[in-house]
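*Asks:* Chains as they are written, first to last, in our numbering: chain A, 1 to 63; chain B, 1 to 249.
These are computed hints drawn from the structure, not numbers from a lab. If you're wondering where the values come from, they're calculated on a predicted model, not measured in any experiment. Treat the hints with care, since some could be wrong.
Straight-line C-alpha distance at most 30 Å; calculated BS3-like pairs for lysine-lysine [unchecked claim]:
id : chain 1 : residue 1 : chain 2 : residue 2
1  : B       : Lys-118   : B       : Lys-51
2  : B       : Lys-51    : A       : Lys-42
3  : B       : Lys-89    : B       : Lys-159
4  : A       : Lys-42    : B       : Lys-9
5  : A       : Lys-55    : A       : Lys-42
6  : A       : Lys-42    : B       : Lys-159
7  : B       : Lys-9     : B       : Lys-159
8  : B       : Lys-89    : B       : Lys-9
9  : B       : Lys-89    : A       : Lys-55
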Amino acid sequence: MYFDTFSELLNMSGHGSYVWFSYGVSVVVLGSLIFVARRRRKQTEQHIRAIVRRKQESSSTIK
Amino acid sequence: MSISSTFHKWGSPRWFYQFSGRLLPWLAGLSLLLLLGGCIWGLAFVPADYKQGNSFRIIYIHVPASAVAMGAYVTMAVAGAIHLIWRMKLAAMVMKAIAPIGASLTFLALLTGAVWGKPTWGTWWVWDARITSVLILFFLYLGIIALHQAFENRDAAAKACAVLAIVGAVNIPIIYWSVEWWYSLHQPASISFTGESTIHPTMLRPLMATLSGMYLFFAWVLLLFTRAEILDRERNTRWVQDIVCGEAR
Chain A
1 MYFDTFSELL NMSGHGSYVW FSYGVSVVVL GSLIFVARRR RKQTEQHIRA
51 IVRRKQESSS TIK
Chain B
1 MSISSTFHKW GSPRWFYQFS GRLLPWLAGL SLLLLLGGCI WGLAFVPADY
51 KQGNSFRIIY IHVPASAVAM GAYVTMAVAG AIHLIWRMKL AAMVMKAIAP
101 IGASLTFLAL LTGAVWGKPT WGTWWVWDAR ITSVLILFFL YLGIIALHQA
151 FENRDAAAKA CAVLAIVGAV NIPIIYWSVE WWYSLHQPAS ISFTGESTIH
201 PTMLRPLMAT LSGMYLFFAW VLLLFTRAEI LDRERNTRWV QDIVCGEAR
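With the hints as constraints, model all of the structure from the sequences given.
*Replies:* And the structure:
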């Protein structure tokens, strides 16, 4: 490791807050992209299940 | 395989859905590995810059976010053109899927740039050519998202967004060469593919890791959004209903 101690890795001779804030926000932004994409898929799947259920119900009442 | 049959295959949402499903685990694993590995490498193991000190470590997220934000825009404009010229439905879905990803990456580029600017230039923000043109890129992405939501009709929305995406592409070369055309606080590119890079190899290697990781991450999330869009648009087809509800029903 370039830094001698763990606290020096966090502090980065005074630049730590800028650097770690940047990486923290990046994790949040990239993570939320995955989260939003997954949620959209789940919502669509629920919607499709409802369509299929309605189709099956209407076909069973015709019989 | 002839060009037209390749085109038909790629234009088929069903084929694309099945093909992309096989890519997903590879893209996810490889992108996270490269991003995580490159960031740890750049944060803890690379020596500090002799002028900037440790603030330069922001490069490992700022440059990939900026580069992929621009690459994503070009992809979106090309998808828009394909949709307009050949009426390919899948291209419209890809175009719609890129907008939120591109907006997020541009936001990240602007924010990490501001945070890097404070300890390095002494200011969070300057209205110079590079930063202003990237801000315009952010607004273009937001404009495309808003335009999509403004239309009830999907085809009309896709057509309008494609036109905006293509017209807005003029901004991309402006961003790229802004640091050379105008006086700017922002430094010119350090990575060169034609000449020698002005960044030391020990600093460049982790950057290459996070840069390629970010491209793969973009591809991964793009597939996730596009696949959700395919399911939504094809919800009345048998094959989509079979996938969601299971084959046996």
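*Asks:* Take the hints in turn and mark each one as holding or not.
*Replies:* Each hint tested on the structure:
no.	hint	in the structure
1	B:Lys-118 / B:Lys-51	holds (14 Å)
2	B:Lys-51 / A:Lys-42	violated (49 Å)
3	B:Lys-89 / B:Lys-159	holds (11 Å)
4	A:Lys-42 / B:Lys-9	holds (27 Å)
5	A:Lys-55 / A:Lys-42	holds (20 Å)
6	A:Lys-42 / B:Lys-159	holds (27 Å)
7	B:Lys-9 / B:Lys-159	holds (22 Å)
8	B:Lys-89 / B:Lys-9	holds (12 Å)
9	B:Lys-89 / A:Lys-55	holds (26 Å)
Hint 2 alone, counting from the list given before, is not met by this structure.
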